[in-house]
Amino acid sequence: MTNVIEIDSLHYRPGKGFALRDLSIHVPAGAIYGFLGPNGSGKTTTIRLVLGLLRPQSGRITVLGDRMPDDAPKILARVGYVPEQPHLDPTLTVNEIVRFQAAFYPTWDGARAAQLLRQFDLDGERLFGRLSKGQKAKVMILLALAQQGDLLVLDEPTDGLDPVVRRDILAALLEYVSQRGAAVFISSHLVHEIERICDWIAVMDDGRLVTEVPMEQLKNGTKRLRVAGAPATLGPTPFALFAREPATAAAETWVVGEWKPEMAGYFPGIGASLQDVIDLDLEDGFVELLRSFRGSRREGSA
Amino acid sequence: MFRVMLYTQWKWSRLIILLGTVAAFALPIISMQGAAHADRNPLEAQDLLRTVQSWGTLYPVLAAALGLFVAMAAWAPDHRGRHVHALTLPLPRWRYMLLRCASGAVLLAIPAAAVLAGALLATATATLPPGLQSYPFALATHFVLATAVAYGVFFAVSAATARTAGIILAAVGALIAVQVVAGVANVDFDIVSPLTMIVLGPAGPFAIFTGRWMLVDV
Amino acid sequence: MFEHIDPRSSTPLYAQIAARFRVAIAAGELRTAALLPSVRDLAARLRVNPATIAQAYRELEGEGFVEIRHGAGTYVRELAPGRRTRERARQAKALAERVLADARRMGVTLEELREAIDGVLGAKTT
Numbered sequence: 008m009t010n011v012i013e014i015d016s017l018h019y020r021p022g023k024g025f026a027l028r029d030l031s032i033h034v035p036a037g038a039i040y041g042f043l044g045p046n047g048s049g050k051t052t053t054i055r056l057v058l059g060l061l062r063p064q065s066g067r068i069t070v071l072g073d074r075m076p077d078d079a080p081k082i083l084a085r086v087g088y089v090p091e092q093p094h095l096d097p098t099l100t101v102n103e104i105v106r107f108q109a110a111f112y113p114t115w116d117g118a119r120a121a122q123l124l125r126q127f128d129l130d131g132e133r134l135f136g137r138l139s140k141g142q143k144a145k146v147m148i149l150l151a152l153a154q155q156g157d158l159l160v161l162d163e164p165t166d167g168l169d170p171v172v173r174r175d176i177l178a179a180l181l182e183y184v185s186q187r188g189a190a191v192f193i194s195s196h197l198v199h200e201i202e203r204i205c206d207w208i209a210v211m212d213d214g215r216l217v218t219e220v221p222m223e224q225l226k227n228g229t230k231r232l233r234v235a236g237a238p239a240t241l242g243p244t245p246f247a248l249f250a251r252e253p254a255t256a257a258a259e260t261w262v263v264g265e266w267k268p269e270m271a272g273y274f275p276g277i278g279a280s281l282q283d284v285i286d287l288d289l290e291d292g293f294v295e296l297l298r299s300f301r302g303s304r305r306e307g308s309a
Numbered sequence: 289m290f291r292v293m294l295y296t297q298w299k300w301s302r303l304i305i306l307l308g309t310v311a312a313f314a315l316p317i318i319s320m321q322g323a324a325h326a327d328r329n330p331l332e333a334q335d336l337l338r339t340v341q342s343w344g345t346l347y348p349v350l351a352a353a354l355g356l357f358v359a360m361a362a363w364a365p366d367h368r369g370r371h372v373h374a375l376t377l378p379l380p381r382w383r384y385m386l387l388r389c390a391s392g393a394v395l396l397a398i399p400a401a402a403v404l405a406g407a408l409l410a411t412a413t414a415t416l417p418p419g420l421q422s423y424p425f426a427l428a429t430h431f432v433l434a435t436a437v438a439y440g441v442f443f444a445v446s447a448a449t450a451r452t453a454g455i456i457l458a459a460v461g462a463l464i465a466v467q468v469v470a471g472v473a474n475v476d477f478d479i480v481s482p483l484t485m486i487v488l489g490p491a492g493p494f495a496i497f498t499g500r501w502m503l504v505d506v
Numbered sequence: 120m121f122e123h124i125d126p127r128s129s130t131p132l133y134a135q136i137a138a139r140f141r142v143a144i145a146a147g148e149l150r151t152a153a154l155l156p157s158v159r160d161l162a163a164r165l166r167v168n169p170a171t172i173a174q175a176y177r178e179l180e181g182e183g184f185v186e187i188r189h190g191a192g193t194y195v196r197e198l199a200p201g202r203r204t205r206e207r208a209r210q211a212k213a214l215a216e217r218v219l220a221d222a223r224r225m226g227v228t229l230e231e232l233r234e235a236i237d238g239v240l241g242a243k244t245t
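Protein chains in written order, with our numbering: chain A, 8 to 309; chain B, 289 to 506; chain C, 120 to 245.
Just so you know, these hints were derived from the structure itself, not from any lab. Worth double-checking, as some hints may not be accurate.
Stated by the list, open to error - Computed Cβ-Cβ distance ranges for the label pairs, DEER-style:
#1 C/R177 x A/R137: 23 to 33 Å
#2 C/V239 x A/R187: 48 to 58 Å
#3 C/R177 x A/P268: 17 to 27 Å
Ideal Cβ placement from N, Cα and C applies to all residues, glycine included.
From just these sequences and the hints, can you work out the full model?
Encoded structure:
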């Protein structure tokens, strides 16, 4: 299976301070790939590099089989983009914007655009500048979907929108994906939304990739364990030990990753007992992952 | 693609185009006012020439204004959106710029045609004193060229990124600085005057704005 | 039918969705030859990845509850007699296991649990 987006050893440094370091990302065809990370971690910069808006200092970016930014126009014909901030002319009406966009894409589906206008309950004659935030987001998603691209790149598409609008947008997005089998690259803060729709998840922090795994692996692999009687120093563990804190007088709480049920057999081996295995949802797992990643980086540089 | 570009360009610049067209049509007619009499003596011919010449100074102003505003209108929405929309369209940057430039140029043809129409009408309804001839086509051509130069220059400036504009300004500033230092050091080094001559002088690109804008002349 | 899909639960989403369908089929809500919603519609309605729906349908097909006819949709199969009863018994057992596990965690004894059940049942009939 080929990857729709492949980033290899990317370095990008716009100036002093912030830099994307040694970034490698692989988005499989047909996947819904979620991109999580705190503010300032480099999510939007990565998206701009994928779209050819920025040029990296070193490393390769391959989108839909072609190189970015060299083949940008060819690639962009097949990529639908929904930015974080509305980037369209506020003095044009919705219909005028749709007609403008349609002229640039040979694959444009006018019927789908008309159907989405109805589905989103948008008035074609209203000026874009006069639409509410949610309506503007709907227009931008409409443009990306009517374009019939093979890849959708969405930068926080539902951020700051009310739940009803979010539902409408996600429903339209998922309908499109199931119909066309397009891949989706979506960066978002809304962890519970990412949890529902993504089958791959990548986490970024401070310009680096923390992890890139299938969603099930991150969700099911991250657990909180109640452990009693464990020695102070441990040898290698079969799971990834993120954190270890005292909980009660007798027991500790361990936060682990890459957990499998068979690993329960590890504890008698070190003279400890595993009292409980508690599931962590993606949000908690994400927080723990970041904590341990930052901790290990600090230790590494010490 | 060109059609939608033209449509949006029209939507942004229609006011300036309409006003410019009215002005462009009226200017030749007004400049020829009171020239309907055949029995002019040589003194009145002089008066006519003076009137035509003084009104004539408005042509370069109108050409420059049209070029400026249409160029600005072409780029204002892009600048507002930080060019994100344009840069994510599936065509190379130079092609996009060409489409924009061409759509503005097409619209600027309208006031240019109005100058010609006004000039033809003005000279058709006037009876010129002997010794004077009318040059409506020359005037219209002069106007088209001036508008084109103004539009080209302002388009390039508007389309440039802040960095390019900065480079241009820095180069100009450096030249002036060099000139000043040379003057202080009493070195016989004059670069500004020759450059000014080249740019604004008779052979330069901006020469088109100088000179006489005469609908009628000897 | 799908109000309680919980992405945060440890049970994968596809398993939760498949379970709902199993309950509906066992209860007779979805009869033989009934057409299940298309992957596309259900994914949009529930706002989950279409692959999740597809996986749920495949699991149901593997267990013999539905038949996926490519291009035509997913249909409830004719179940062998007693299959529905067996499925309901299985679901009842799972329900009981969950209740007992919760009771244990909360420190509620079996006696207390039985009393509570009787109380609820009694209150319903009065």
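Consistency of the hints with the structure:
1. C/R177 x A/R137: 23 to 33 Å: Given range 23 to 33 Å: violated, Cβ gap about 47 Å.
2. C/V239 x A/R187: 48 to 58 Å: 50 Å, holds
3. C/R177 x A/P268: 17 to 27 Å: 23 Å, holds
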